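J.: So the sequence shown is numbered by the working numbering: it starts at 436 and just counts up by one.
Any given hint might turn out to be false.
As a list, the in silico EDC-like pairs of lysine to aspartate or glutamate whose alpha-carbon atoms are at most 16 Å apart [unchecked claim]: (1) Lys551 to Glu569; (2) Lys609 to Glu569; (3) Lys491 to Glu509; (4) Lys551 to Glu533; (5) Lys491 to Asp534; (6) Lys491 to Glu619.
None of these hints come from the bench; they were simulated from the model. These numbers come from a predicted model, not from an experiment.
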Amino acid sequence: MKKESADPFMDWKEKLMDKEQSGNETHKTVSPASLQGTPCFVAKNATIVGNVTLGKESTVWFQAVIRGDANRIEIGARTNIQDGTIIHVDHDAPTIVEDDVTVGHQCMLHGCTIKKGALIGMSSIVLNHAVIGENSLLGAGSLVTEGTVIPPNVLAFGRPARVIRPLTEEEIAKNQANITHYVENGYAYQQGEYGEV
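Construct all of the structure, not just a fragment, from the sequences and the given hints.
T.: This is the structure we're talking about:
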């Protein structure tokens, strides 16, 4: 029988990182049931497959798909992946979403890097090797083309996305308040405050 560590977060992380061999690839489907009692919330109809790491107090909402089959996906602490979002990778492009990030409803992240504190607006697309800078806000419906780098602390918007202006301190603080809301909401869902979901 496996000895449990003194740190329940490490027990959870080991459970999540446990992988099954499938040919030459390593894949693991993470079911929300296997995450009960862990410091994150994953909606029952979300799909997480492959080499995926979820940070503490992260949330993955309804019908989101996180597929780390051809490369790895890292989701940072307190990051929220909202309803209908798809996160995928390429053989030469992992997807890294750092701590305290909001990814809005129905976004597509593919082989990109989203830096700490950024907000990706609803229905936005971020392609391979693109980088969204720390605390930056990508407006809803934007397209960040392959290899584009959006600098830190700016509002970017458009198809293709371009920098519009620097963000104010108040706007950055509002984005951080959104992170706290999603962490609290994740705990509420985990504890059944909205019934069986």
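J.: If a hint holds in the structure, say so; if it doesn't, say that too.
T.: How the hints compare with the structure:
1. Lys551 to Glu569: It holds: about 5 Å lies between the C-alpha atoms, which stays within 16 Å.
2. Lys609 to Glu569: 14 Å, holds
3. Lys491 to Glu509: The hint holds at about 12 Å.
4. Lys551 to Glu533: 5 Å, holds
5. Lys491 to Asp534: Roughly 9 Å between the alpha carbons, so the hint for Lys491 and Asp534 holds.
6. Lys491 to Glu619: The hint holds at about 13 Å.
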